[in-house]
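Protein chains in written order, with our numbering: chain P, 1 to 517; chain A, 518 to 683.
What the hints contain is simulated information worked out from the structure, not anything from laboratory work. We put the beta carbon where it would ideally sit given N, CA and C, even for glycine. Do not take every clue at face value.
[Unchecked claim] Keeping only pairs whose Cα atoms sit at most 20 Å apart, straight-line, the calculated SDA-like set for lysine to any residue is: (1) A/K652 to P/H250; (2) A/K547 to A/E603; (3) A/K577 to P/P376; (4) A/K604 to P/H250.
[What the hints assert, rightly or not] In silico negatives: residues of chain A with every beta carbon more than 10 Å from chain P: (5) V627; (6) E631; (7) R634; (8) V635; (9) G669; (10) E670; (11) S676; (12) D683.
[Stated by the list, open to error] Estimated spans, in silico, between C-beta atoms of each pair: (13) P/L67 to A/N525: 37 to 45 Å; (14) P/D460 to A/P656: 33 to 41 Å; (15) A/E524 to P/G85: 48 to 56 Å; (16) A/H665 to P/G297: 50 to 58 Å; (17) P/D466 to A/P656: 20 to 28 Å; (18) A/G669 to P/T219: 35 to 43 Å; (19) A/T546 to P/S68: 52 to 60 Å; (20) P/E45 to A/R667: 25 to 33 Å; (21) A/H665 to P/Y168: 52 to 60 Å.
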Amino acid sequence: MFPDWMQGAPNQFDTVLVANRGEIAVRVLRAVKEAGLRAVAVYSEPDSESLHVEIADEAILLPEGPLSENYLNQEAIIEAAKSSGSGAIHPGYGFLSERADFARAVSSNDIVWIGPGAESIEVMGDKISARSRMISSGVPVIPGDEVSIPEDGGHLGPLAVAAAKVGYPLLLKASAGGGGKGMRVVREPKMLRTEYEAAAREAAAAFGDGTVYVERLLTGARHVEIQVLSDSRGNCIHLNERDCSLQRRHQKVIEEAPSPAVSGLVRESMGKAAVMAAKAVNYVGAGTVEFLLSSKGEFYFLEMNTRLQVEHPVTEMITGVDLVQKQLEIAAGLEMGISQEEVTISGHAIEARIYAEDATRGFLPAIGRLSTWIAPSGPGIRVDSGVRQGDEVTVNFDPMLAKLVVHAPTRKAAIRRLDSALSNFVALGVVTNIGFLRNAASHPAFLSGDITTDLLDSSDISEFSDPDPPAQTLVSIAEAALRMGLDKANHGVPGNPVDEHTGHSGDPFRTLSRSYP
Amino acid sequence: MEWSVGENQEIYSVVLSNDGEAMSLSSLTKDGNEMVAPNLQISSDDFPGRIVVVTEGTPKFAHVARVGDDWWIHLDGRVHVVRGHEKGGQKGQDSDSGLTAPMPGTILEVLVKEGQRVREGQTLMVMEAMKMEHKIQAPGGGEVSLIHFREGERVDMGSVLIELAD
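Okay, chain P solo, but in the shape it has when bound:
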C-alpha cells in the first residue's frame, strides 16, 4: 500500500531501509513512519537494544565484527533491503552516505537510492574534481592543491612543494576525510612531516585512504553553508544558510540559522552560487554547499556534502520544510512542490551537539552508562536523540549522543532558550559537554555573533570554564542521597519499568511500554 502523497509517483516504494545508527537513524525512521511507510532498521550486535532498533517496524541484524562487516557492509545491507521488501534505502550521514559505489549498487538492485546520483557523489566526493568543476562553473574556490603520497609515506617532496606553493599556515586534509578526522593545521614547514603522519594515520583508520590535500588556512573566517534541494525534474532551490562557525578542532559544536554575519545581499549571492554548484553536478535531493566567509564578505567554496547534514534541523526550524520528507518525495520522482519565492526565514534556530566528552580534559571522549537522561522539552525545543536512559556509551562509535535544537523569534531569545534548555538537560553517569556548551553559548563572542572557526581553539580554555561548584551543598546532597537509599530507586523514570531480576531498565521484552522524551 502506497500512501496518498506517493500516488502517481514514477518510483514508488512502501518500505524504507535506513542504513545507519544513532540519532540520525532515529530521525529518519520516524520520518519514514510519519510518511506512512514501513521503516526498517539495520544494526550490529552491540546496538541490539538501541533506540533506533526499537522504533523501527523491522530490524535486521548485520554480521558481527568491525564496521566493514556491518554498517559499512554493502552486500549485507542490500540483502537486508531485499529480505525486508524495502523499496528504498536512506543512508543518513556518515557510513555509506557518500559512497558512489553503494549508490550504484543500490540502484542496480532496483532499489530506490534516497540521495543524489552516483556521479554527483563522485565528483563532489573527490576534492580535486569538485574544485575543478566549481572553477569551471564559476563558483569561487580557496587556493589549494592535492598531493598523492606513496603508500609508505617516506618521501614527502611533492607535499613540501605543494605546501610552499599554497603558503603557511595551511590545512592538511585527507582527501577522503571529513568530520575533523584526518585534518591537521600546519603552521610552519618543519611541522609538515609530523602532522602529515598524524593525518594519514587518522584518515586510514577512519576511511581507508591516505591521499592528502593542502589548502591555505584562512584564519578569522566563518563557516557558512547553504542547504540546497533539487528534484529530478530540474528544479533546484536553496533554503538559506546555516552558520557553523563555532567549531573545535574543525568539528562543529554549535550551529545556527540564519547566520548573524550574512546580509540579505550575501545570502542571495551565496544561495545562487550554491544552486550553481548543485546544478553543475546534476544534483538530485537534499545537499549542502559549504563556504568559508571572510570578514570582508567574500566567500569561497569548501565542499559539497552530498547527503543530509547533522545540523539540518536548524534549517527545518526556520523554513518549516521537513527535509527528510522532501528527500522521500524527491526520491519517489515527484516534483519538490516548493519554489524559491516560497522559502522564507521565520525566527532564529540554534543547534548544540551533545557529546560524551570531557571538556576539562582536552575533550576526551567519555564512556559509561547513562544512569539518568532527561531531555528538556517545551515550546521551541527539539531534541534529536539516539540514546535513552540506561544506555551504555561505548568506544565503538562517534561520541555524539544527541542534538538540542531551539527555535525562537530572535537570536537573543534563541540563546536564552538554549541556555535554559541546556540547564534542564540532565545527563548523569557519563561526562558530557553540556556544561561546556552553556559556557560557550554565554561567551561574549558568541553573544555578539562575532564567531570565527578558530574561536574555541585560539581562546584560553579558562574562558569557557565552569563556575566554582557549591561544594558544601553538593556534599550534603550526596550524604542525604546515600541515607535516603536513592541508589536503589534510581534505575528508571516513571512509567519506565525496571526488570526485577537485573535492576536494568533496558529489559528488551518491556521496551514497548516505555515512553521517551
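Following the hints, complete the assembly by docking chain A onto the known chain P.
This is chain A only, laid out in the frame that chain P set:
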C-alpha cells in the same frame, strides 16, 4: 562516608539531622576542620532520582545518580561528581607520577625512552581512542622511569602508561 568534589582534594564530612520529612545539615568539616554550616534542608521527591534542596529558604530540584562510590549530581543546570571515600581511608590517592590512559584505546607511538629526561608538556606517547589521536604529555619535568606499553598494544582506561621520577 567522607566526600570530595570533582578533582578537588579537600575531604568533607557531613552530619545531617532528621527533621520530620526532611533532613537538615547540622555540621560540616573540611579536612577535619569544623566549618560554619549553611542553612540547608533536603527532602525526597516522588520523581525517582530527584530530591528537593532548600538553601537559605530557596527550594531547588537536584537529580542524583550513584555510580560506584560516587554521586553524580545535577544542580542549577550543572553536573558535579561527588566522590565517596571510606572514613579513615588514604587521603589523596594520586597515581603518583604515573600517567594513565584517559580512554581505552591503542598506543600508536612511544616518543621517549626509559631514563630519558623530559620537560613539562612534552609529548610522551600518542594513543588512539574513538578514531581520534590523543597525546599523552608530561605534567612536569622529570626522568622517564618506566614505560609500560609498546606501540600497537591495547590499553584499558586507567592503565598506567608511563612513569616519571623527579
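Hints, verified against the model:
{"no.": "1", "hint": "A/K652 to P/H250", "in the structure": "18 Å, holds"}
{"no.": "2", "hint": "A/K547 to A/E603", "in the structure": "15 Å, holds"}
{"no.": "3", "hint": "A/K577 to P/P376", "in the structure": "17 Å, holds"}
{"no.": "4", "hint": "A/K604 to P/H250", "in the structure": "46 Å, violated"}
{"no.": "5", "hint": "V627", "in the structure": "15 Å, holds"}
{"no.": "6", "hint": "E631", "in the structure": "23 Å, holds"}
{"no.": "7", "hint": "R634", "in the structure": "21 Å, holds"}
{"no.": "8", "hint": "V635", "in the structure": "17 Å, holds"}
{"no.": "9", "hint": "G669", "in the structure": "12 Å, holds"}
{"no.": "10", "hint": "E670", "in the structure": "16 Å, holds"}
{"no.": "11", "hint": "S676", "in the structure": "14 Å, holds"}
{"no.": "12", "hint": "D683", "in the structure": "24 Å, holds"}
{"no.": "13", "hint": "P/L67 to A/N525: 37 to 45 Å", "in the structure": "40 Å, holds"}
{"no.": "14", "hint": "P/D460 to A/P656: 33 to 41 Å", "in the structure": "19 Å, violated"}
{"no.": "15", "hint": "A/E524 to P/G85: 48 to 56 Å", "in the structure": "54 Å, holds"}
{"no.": "16", "hint": "A/H665 to P/G297: 50 to 58 Å", "in the structure": "54 Å, holds"}
{"no.": "17", "hint": "P/D466 to A/P656: 20 to 28 Å", "in the structure": "21 Å, holds"}
{"no.": "18", "hint": "A/G669 to P/T219: 35 to 43 Å", "in the structure": "37 Å, holds"}
{"no.": "19", "hint": "A/T546 to P/S68: 52 to 60 Å", "in the structure": "57 Å, holds"}
{"no.": "20", "hint": "P/E45 to A/R667: 25 to 33 Å", "in the structure": "30 Å, holds"}
{"no.": "21", "hint": "A/H665 to P/Y168: 52 to 60 Å", "in the structure": "38 Å, violated"}
When the structure is compared with the earlier hints, violations turn up for hints 4, 14, 21 and for no others.
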